[in-house]
Amino acid sequence: MKDKGETTLVVGGGLAGMEAALKIGQAGYKVILVEKQAVLGGVLGQLYSSFPRWEDPQALLNNKLQQIQQCPQIMVLTGMSITNAQRDDKVYIVDLQGINQGDIRQIRVDAVVLATGFELFDASVYGEYGYGIYPNVVNSLEFEAKLKEWGSGHSEQIPPKSVAFFKCVGSRDRSKGKPYCSKICCMYTAKQAGIVKDMFPEAKAYVFYMDYRASGKDYEEFTRSVIETKHVRYVRGRPSKVLPENGKLIVRAEDTLMGVPIEVEVDMIVLAAAIIPSRGTRELAQMFRAVTDEYGFLEHETFNPVKAGDRVFFAGACGFAIETQGAQYQGAAAAAEVIALFNRDPQGGD
Amino acid sequence: MTEQRVVSPEELFPEVPASIFLFRSCTGSMEYPGTENAIKEVMNKLGVNIVMDPDQTCCSGYLLTCSAHKPEVSLAVTARNLAIVEKQNLDTYVFCNGCYGYNRELSHIMKHNPAYMQMANDVIAKQGYKYEGKTEIHHVQELWYRLKDEIASKVVNPLQGLKVGVHYGCHYLAQQYHILDDGGYPTFHEEIIEAIGGTPVFYKERQLCCGYSVGRGITHKEVMVQPHLYKKFKSAKEAGVELITTCCPGCNVGLDREQPNLTKRYEEEFNIPVIDISQLIGIALGVPLKKLGFEANTVPLNGIINRLGLERGESSL
Amino acid sequence: MPREKYKDKADGLYKQVDTYNLVENLETCLACGKCVGNCPVASLSPSYNPRQIISDVLNGDAERWLNSEEIWRCFWCAGCATVCPNDIQFPLLMMQLRYRAVEHNYGLKYIMPFKRFALRAREDGLTFAPSEKGREKIKRYRSNLGATPWPEISDRAKAEYKELFDLTGATEYLNNTSDEAEKPVILKYTEGRIISD
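Chains as they are written, first to last, in the numbering used here: chain A, 1 to 350; chain B, 1 to 317; chain C, 1 to 197.
It should be emphasised that the hints constitute simulated quantities derived from the structure, not laboratory data.
This structure is a prediction, so every number in the text was calculated from the model and none was measured.
Note that the Cβ used here is the ideal one computed from N, Cα and C, for glycine as well.
Mixed in with the good hints there might be a few duds.
Said to hold, decoys possible - Pairs of lysine to aspartate or glutamate, EDC-like flavour, derived with a Cα cap of 20 Å:
1. 204(B) / 265(A)
2. 231(B) / 245(A)
3. 162(C) / 222(B)
4. 111(B) / 136(C)
5. 178(A) / 87(C)
6. 178(A) / 27(C)
7. 139(C) / 152(C)
8. 231(B) / 265(A)
9. 70(B) / 136(C)
10. 161(A) / 149(A)
11. 234(B) / 263(A)
12. 70(B) / 103(C)
13. 40(B) / 53(B)
14. 70(B) / 179(C)
15. 237(B) / 255(A)
16. 204(B) / 263(A)
17. 290(B) / 136(C)
18. 130(B) / 163(C)
19. 130(B) / 18(C)
20. 70(B) / 163(C)
21. 109(C) / 222(B)
22. 183(A) / 294(A)
Stated by the list, open to error - Interface residues of chain C toward chain B, partial, derived using beta-carbon atoms under 7 Å:
23. 14
24. 75
25. 111
26. 115
27. 118
28. 126
29. 141
30. 142
31. 147
32. 153
33. 154
34. 156
35. 157
36. 161
37. 165
38. 174
Turn these sequences into a full structure, and let the hints guide you.
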């Protein structure tokens, strides 16, 4: 039986990172899972609901956390980040530092999986939408937090009477944002709009879109159910301006399917801001000599969609915007790559 | 988009210029000569030297955009005017959004399209000029913002909370690069107004066009421009605006001269005087009212003058 | 109105309109409608819609806009270009649509007042100088505030300005602009709309 002495470093404790750590650890190899925040979970931990089955993301998270706890091969280091990495023959020597305590460590690992996830593009460049100017204009992650608050039943905030969702804020925008499509916003916007109607049946929900992209199993049906059974109004037109009037917000757009400019009065606006790699991804990639593209996403090698460099793999939204299930697939794929690497290239312990 | 769209005033003017070339505005000279005078007086107080040149002609953009003639002559005229400024080794400062937009746009076209630059230079070479694309085009409103603190320190007639609604106009904020604020939610004029003691009012139709820019006020006055201006003034009135400032004599014409017609057509009083922001800064800095030329305004400023308790001087307003 | 047969003469007409190569990225239009939402004219004139005009230009269909009243209503506020996610300079396209219309003798009534202004500006070296009677008032206002009665424009400036008009063919173009053969323009993008003006 081959000695499983290799150690893998997994950077990022979101779903992709947790999945990669689990599959490598459950195969019998040692894993060091490093997470910048104080807890594991990443964006998954911030979600109130999921598409396309309206399942509770906490259940998935708890399932992963439990498995991690039960896997002795995995060492979890939260509140720590990577400060430096150096290559020594077939090994990476990596320096870690605690965010608050200043706890400093150095580790030697035989492979690395980068799974640092995403954050949202700063929508305040769109002065016309008033993000950062009007208090009731929020981005989708901030709105998800509000949904959690309303859903907990302990919220003191008055629920909104009408909410407008703007899609493609920063995506598909060569002028002030990113030219690419952030892939998941059409689906999560439908989810959020549907939840608003479930929580507050009297409220109005509008989604302003250019297209809606629902390519996945049950995705189209999900979106149609939000429109047809939950009665969310979809208006085709990218909003031009948001103006305050009498404590409310006026959205100016064109209903392009009718060819008419319209004004809609709402209480709250949710911006589906573009997905960008979380800060520090580029620097981290440089430390491990992995390639990033012009937007900072990790670039994969030809014929290998989860490999970013020599003994370096990646998974999840640090490679490009991806939904929950996709992050899970990629985490498992990166784990498989690592295990294949170790079995192709035997390495004695250290 | 590789160049940065919005820059800070310190990036735009690393150093405050000692001398600037003030580009004469046709509408300014004809309709509101007080604006040019106000700029000269205020710049004097701030220690900036103003250079003008009698050889400079109209920027020739207005008639281009009204489709009276084709771009070639406007390109050549722009090249000639900017060549005159370049000979003085200065940057061009306009005080009209129209001059800004046209000079900027046309010089951008020439700087990025060698064929057009060649064409323009071939024509003006016959008169002994050569345009190299060196002079930067600025608007005095940018300099006011850069010198906001100096202006605030020299205020002698603070505006006592006067409710001022800003009209930015279209052609400055519509430019693509190197402007002070985003066209989405500009605030730099409001900051200047606060600095001189006014109360800026963010009325709903603050960013609506004045409607005059390409002569639609001549071709489509009743059908388009008047209903359009009515919306703007109604919004300003509802928000309690007492005075509107502009930074373009063209916008000033559109907003000031049309008010009596609006009152007649819609049977509603507005009485909101419209002046250039340079003139308002002039008032705050103690420039004598006579030199600010308010007799050229259609909507009289008597109410404002009384409210602020200012000396009228010998001339009537 | 019989169902329109989709005319696609795509290749060619786009460049026939954009002869000055100022709007080279027109095909990046996503038809998102951000321009129309911001347009002051669209909110007043039900049939004016920049997005639909761009669509016609890309399809190579001049039938609607060429003799339309709509293209003469744009204010050139550039509100469209300011919000466009692809930075399409729609006003520069509009300028060229108007040139094409004039070449076919449409919309001349909207040009003739500016022909007069242009020919007068050519003499004065500046635009909007009024007639003699109007000049008296201006000279008085200017003198009152301590400026020169008339803006200081040198004779050399006026002569060279005039010469530039002649050298670039603008004088000839202006003199030839005539509404003798003018053909009428009407609102064309009215299908399905309620038009009240």
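#### Entry: Interface hint for residue 165(C), Cβ within 7 Å of any Cβ on chain B
holds, 6 Å
### Satisfaction of hint between residue 18(C) and residue 130(B), Cα-Cα up to 20 Å
violated, 28 Å
### Query
Are residue 70(B) and residue 136(C) close enough, with their CA atoms no more than 20 Å apart?
Outside the cut-off at roughly 32 Å; violated.
### Query
Is the hint on residue 174(C) kept, meaning its closest Cβ partner in chain B is under 7 Å away?
holds, 6 Å
### Task
May I ask you to test the interface hint for residue 153(C) with respect to chain B, counting a Cβ-Cβ separation under 7 Å as satisfied?
holds, 6 Å
### Query
Should the hint that residue 126(C) touches chain B count as held when the rule is a Cβ pair under 7 Å?
Hint holds; residue 126(C) Cβ to chain B Cβ min 4 Å, cut 7 Å.
### Message
Given a cut of 7 Å on the nearest C-beta pair, is the interface hint for residue 118(C) held or broken against chain B?
### Response
holds, 4 Å
### Task
Below or equal to 20 Å on CA atoms is what counts here, so check residue 109(C) against residue 222(B).
Satisfied, since the Cα-Cα distance of roughly 16 Å is no more than 20 Å.
### Task
Starting from residue 290(B), check that the Cα of residue 136(C) is at most 20 Å away, please.
Given that 20 Å is the threshold and the Cα spacing comes to 19 Å, the pair holds.
### Message
Holds or violated: residue 70(B) and residue 163(C), Cα atoms, limit 20 Å.
### Response
holds, 16 Å
### Message
residue 141(C) was flagged as interface toward chain B. Is the shortest Cβ-Cβ separation under 7 Å?
### Response
This hint holds: residue 141(C) lies near chain B, its Cβ roughly 5 Å from the closest one there, short of 7 Å.
#### Entry: Closest C-beta approach of residue 154(C) to chain B relative to 7 Å, hint status
Interface hint status for residue 154(C): holds (4 Å vs cutoff 7 Å).
Hint check: violations occur at hints 3, 4, 9, 15, 19 and 23; the rest are consistent with the structure.
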